[in-house]
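Colleague: One-letter residues, chain by chain:
There are 2 protein chains.
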Amino acid sequence: MGRWQSGAGERLERAALDLFLEQGFDATTVPQITARAGLTTRTFFRHYADKREVVFGGVDFIQAFVVSRVIGAPASATPIEAVARAYQEVGANFQENIEAFRQRQHVIDATPELQARELGKLAVIASAIAQALCERGVADPVATMAAELGTLVFRLTFERWLNGHGPHDWSGLFRDRLKDAAIVIAGAS
Amino acid sequence: MGRWQSGAGERLERAALDLFLEQGFDATTVPQITARAGLTTRTFFRHYADKREVVFGGVDFIQAFVVSRVIGAPASATPIEAVARAYQEVGANFQENIEAFRQRQHVIDATPELQARELGKLAVIASAIAQALCERGVADPVATMAAELGTLVFRLTFERWLNGHGPHDWSGLFRDRLKDAAIVIAGAS
Numbered sequence: 726m727g728r729w730q731s732g733a734g735e736r737l738e739r740a741a742l743d744l745f746l747e748q749g750f751d752a753t754t755v756p757q758i759t760a761r762a763g764l765t766t767r768t769f770f771r772h773y774a775d776k777r778e779v780v781f782g783g784v785d786f787i788q789a790f791v792v793s794r795v796i797g798a799p800a801s802a803t804p805i806e807a808v809a810r811a812y813q814e815v816g817a818n819f820q821e822n823i824e825a826f827r828q829r830q831h832v833i834d835a836t837p838e839l840q841a842r843e844l845g846k847l848a849v850i851a852s853a854i855a856q857a858l859c860e861r862g863v864a865d866p867v868a869t870m871a872a873e874l875g876t877l878v879f880r881l882t883f884e885r886w887l888n889g890h891g892p893h894d895w896s897g898l899f900r901d902r903l904k905d906a907a908i909v910i911a912g913a914s
Numbered sequence: 726m727g728r729w730q731s732g733a734g735e736r737l738e739r740a741a742l743d744l745f746l747e748q749g750f751d752a753t754t755v756p757q758i759t760a761r762a763g764l765t766t767r768t769f770f771r772h773y774a775d776k777r778e779v780v781f782g783g784v785d786f787i788q789a790f791v792v793s794r795v796i797g798a799p800a801s802a803t804p805i806e807a808v809a810r811a812y813q814e815v816g817a818n819f820q821e822n823i824e825a826f827r828q829r830q831h832v833i834d835a836t837p838e839l840q841a842r843e844l845g846k847l848a849v850i851a852s853a854i855a856q857a858l859c860e861r862g863v864a865d866p867v868a869t870m871a872a873e874l875g876t877l878v879f880r881l882t883f884e885r886w887l888n889g890h891g892p893h894d895w896s897g898l899f900r901d902r903l904k905d906a907a908i909v910i911a912g913a914s
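So the protein sequences, as listed, match chains A and B.
By our numbering, the letter at position 182 of the first sequence is numbered 907, and the numbering carries on one by one without gaps.
By our numbering, the letter at position 38 of the second sequence is numbered 763, and the numbering carries on one by one without gaps.
Don't take every hint at face value.
Remember, identical chains collapse to one label, so a pair may be satisfied in a single copy or spanning two.
[To be verified] Here are the simulated DSBU-like cross-link-like pairs (lysine-lysine), alpha carbons at most 30 Å apart as the crow flies: (1) K904 x K776; (2) K776 x K846; (3) K846 x K904.
Calculated from the structure, these hints are not laboratory results.
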């Protein structure tokens with residue numbers, strides 16, 4: 726989203742979201758997207774493998790950012806601290822793009838195939854984080870659980886933040902979800 | 726899988742898995758599957774919306790089973806206890822089908838589209854469980870977190886169980902993953 730992408734990528738995403746919202750995801754073609762963006766289909770396929778990928782342009786950025794922060798976390802950080810801080814930091818950049826995120830979510834929510842693909846992307850991020858934790862010397866199964874749990878908290882925080890009836894404080898919402906997880910786990914017998 | 730399905734559903738799944746493993750998911754057509762199963766394509770589409778759905782025949786059973794167990798859990802059960810017991814119970818039926826589960830996973834692992842769809846199915850189960858917890862009087866955000874956390878533990882248990890180098894004790898593996906979650910969360914600041 727926005728500043729995370731090249732100019733052409735951003736224009737293609739903007740044009741695609743507009744068209745998906747106007748006429749639906751299924752009815753929109755790549756040539757329509759490129760015509761709206763004033764770019765060629767060749768440029769489109771240099772940026773995205775297919776029409777679906779255009780809504781996931783920001784995900785690679787998130788993955789690279791979060792993984793680099795996990796690797797660079799202080800040695801004293803616990804696995805979940807390293808993961809949580811990385812996700813808290815990446816979310817701090819979201820606010821300026823909230824309207825674009827909402828439009829994007831609107832498109833995804835209307836298309837089960839995109840919902841599934843989004844979950845697939847998050848699973849790839851979780852795997853990459855688990856790998857980063859292993860590089861910090863955290864062994865499995867804790868590395869995998871910390872990566873998966875942090876990514877779950879990120880997903881639930883994102884949903885709350887996007888539907889934001891309350892305050893849009895990303896970091897506070899993230900901490901609240903972590904507390905929910907602690908409350909839930911405390912009930913395990 | 727197996728006993729959870731009607732005779733025709735089971736034959737179609739068996740034929741489909743064999744063909745997917747022999748010649749790949751993409752190269753396999755619905756008419757090939759029905760020919761192998763000795764059934765008509767009309768029967769196929771009475772059971773499954775498309776070729777992809779054939780590997781998810783057991784998921785509806787899991788959802789119905791787990792939701793009914795969450796609803797029927799003792800009033801004294803905490804949210805995560807209700808969810809965990811339901812998932813522990815459903816897994817007890819898996820052992821007799823482990824080879825079919827492994828073949829199925831082999832197909833899914835080779836096809837990113839199926840991986841994403843599987844995660845989408847699990848997300849639907851988690852939503853249904855959250856709803857069931859709400860009916861038990863558990864409020865959000867705890868209901869959603871308990872459902873998501875339990876479903877995450879289920880997914881990681883399933884992976885371990887399937888790749889099972891260690892003992893194939895489903896219930897023990899599930900408890901170990903819950904303990905991993907508690908260990909990870911205890912590290913949150």
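Colleague: None of the hints should be skipped; say for each whether it holds.
Modeller: These are the hints, each one checked on the structure:
In the homo-oligomer, the alpha carbons of K904 and K776 never lie at most 30 Å apart, since the shortest distance is 38 Å inside one protomer and 41 Å across protomers. For the identical chains of this complex, K776 and K846 are neighbours both inside a copy (15 Å) and across copies (22 Å), given an alpha-carbon limit of 30 Å. Taking the shortest alpha-carbon separations for K846 and K904, both the intra-copy value of 25 Å and the inter-copy value of 26 Å come in at or below 30 Å.
Hint compliance for this structure: hint 1 alone is broken.
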